[in-house]
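Chemist: If you want the building blocks of each chain, they are given just below.
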Amino acid sequence: MTAPAPPRPARSRRPALVAIAAGLLLFALVIVRVLVGTPMVPLDLALRVIGGEAVPGYSFIVMDHRLPTAVVALLAGTAFGLSGTIFQTLLRNPLASPDVIGVTLGSSAGAVIAMAFFQADGRALFWFALLGGLLTAVLLLVVAGGGGPGAAGAADNRFVLVGIGVAAALGALISYLLTRLSLQSAGDALHWMIGSLSSSTWDRAAVLAGALAVLIPALALLIPRLRILQLGDDTATSLGLSVPRTRVALILVAVILCALTVAVTGPLSFVAFLAGPIAQRLAGRPSFPLAAAVGAVIVLLADIAGQNLFGGTELPAGVITGALGAPFLMWMLTRSPTSGSGR
Amino acid sequence: MRRSTPLVLAGGLLALAVACLLSLMIGARTVSPSTVVDALSDYDSSLTDHVVIHSRLLRTLAGIAVGAALAVAGAAMQGMTRNPLADPGILGINAGATTAVVLGVYLVDASEVAQFTALALLGAALGTVVVYAVASLGREGATPVKLALAGAALTAGLGSVVNALVMIDDSSLDRLRFWQVGTLGARSLADISRVGVLMVIGAVVIVAMAGVLNALALGDDAAVGLGVKVGRARALLGTAIILLCGAAVALAGPIGFLGLVVPHAARLLVGGDYRRIVPLCLLGGPVLLLLADTAGRVIAPPAEVQVGVMTALVGVPVFIVLIRTRRQVGL
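Those protein sequences? They're chains A and B, same order as listed.
Heads up: the first sequence is residues 1346 to 1688, going by the numbering used here.
Heads up: the second sequence is residues 539 to 869, going by the numbering used here.
FYI, nobody ran anything at the bench for these hints, they're computed from the structure.
From the three backbone atoms N, C-alpha and C, an ideal C-beta is built for every residue, glycine too.
Among the clues, some could well be false.
[Stated by the list, open to error] Derived list of chain A stretches under chain B, where covered just means 3 residues or more per stretch with a C-beta under 8 Å from a C-beta of chain B:
(1) 1505-1516
(2) 1521-1527
(3) 1536-1550
Model the full structure from these sequences, guided by the hints.
Modeler: Set out below in structure tokens:
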């Protein structure tokens, strides 16, 4: 009859299977996030609450606290995962995630400036964070990406180098701002800087959902061009692609994804950094949907762990992603013969 | 761009002298150069200006020590790891040292420079070992990208731990948020000399091994071919780097950028030979740090902008110019 299945379909089916598994895992994690905690919520009560019934004591916990938190975690993880993967793919460098090249810190700096000089919170913080992230990205583009045509590898390397420099400068700026705040405000700013889901509301979930509803289709349209871009600038140009314009568009999408999310949750470290490489290891090749799912899994797991694993102390999700993300990334580095050698 | 080395070194010395003079002259109370000379040669404790200069003298000495230590450590790291991104900040050494100090402040209420030094050295050593071990495991060994990734991972991971600790304890936050910025003020001569001894040992080792750095920068195979015992050389250089970085963090807090920018600038001036780069870093590090510190005193009166912020402000443009003027930042 037919020959044994050639390797190609097997390879292309793997990401789909992994994505389905990730989707199921996400669904399970959302349920766990809603049910588990102090107090525990019985499943039947949770279902009745979600069905619209008012259950004294539980309606508030489920509808105003845990469910919006789970939704924000899901959306934030998705956005960080996509944003990191765009940067890493575009710049062909696992180091090029927004947390490493300073975009995340730019958003943080914007927010801390708002706290230091304008006593801002809520909405205003949000705009400052967005502004900070965008300004940082524009600075990076002007300084590093705006160079003339020519050696593509050098341009990529240059982008990451400039980004690491800018990140360090922003780190110093934030430390300085912390010395200018009152002790109380410095504590608040620091708490925000760690990244936490504790102030998640439906409002914030809606903002993130709205942004993703626009940005994900935009990204979907850009991905085929990104694949062409990966063939190299010269090849892409000869195929009729406007390289600078495509690059700017992709970076814009990535920055807005990242900055919006930072504005909502604070900089959850390592999520953008890790989602892409983990997805790639699972799927055997880069995959945006899977990176989004992995990002969401990381954030949800970190939040659940921070809420439940430390007795009375509730640790923000950012502490967990930071403290566990580092060893995990290091473990990946030792395991993988190739992931560290990408340009 | 390459200029004759003696000329560059002479220029470096001159720049260092000017930077020292400016550091002694300028501040909330600005004094004339002649008063500076008077105060140094014929100190009179009844004159306010002389007292001002005396206190600035300590700060200037700290600046020279920390600046030289960080710049030389950066140069050695860049050569040894063949990594243009190498910097005590980027490879996780500062993070290790900082975390150890923060843990010390939090757990045992550390406040003495001697305690800071012991903790910082321990932390720097642990950080270096972890980053290097992680990057070395796996098939390819310690490639620049793996080193930088491991360093970034450690920095971010330890950063969360520090933030979490500081978050639960307000008094640690109050002390640490000032120390964490990096500052040269408020150190005694005893502190500087005690920490300075460690720095001198580290710097001497690296100066003596500049030729070995040249070989290592060619790659391990070439270095072995040139008769270098690669493992031993790395161990020695690594120890020296840890001494320099740990001591610098203990004295002034984490100061970024110097270890990255100064060696690149030196390379631009005198070419790729570490026997020229390292001595120039000994001069260039203090120049940059002192100028940054001096500028920080006057940039936003009456408050002072800490030197860690200033090195970033000065460092980033220099760094960007370096990257832009060279097609590829190589070694």
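Chemist: Now, for every hint given, state plainly whether the structure supports it.
Modeler: Now for the hints, and whether the structure bears them out:
1. Figure legend: the stretch 1505-1516 of chain A, annotated as covered by chain B; annotation consistent (8 residues with Cβ-Cβ distances under 8 Å, at least 3 required).
2. Check on the stretch 1521-1527 of chain A: 4 of its residues sit with their Cβ under 8 Å from a Cβ of chain B, so the three-residue criterion for coverage holds.
3. Here the stretch 1536-1550 of chain A counts 3 residues with a CB under 8 Å from a CB of chain B, which clears the bar of 3, and the coverage holds.
Every hint, counting from the list given before, is met by this structure.
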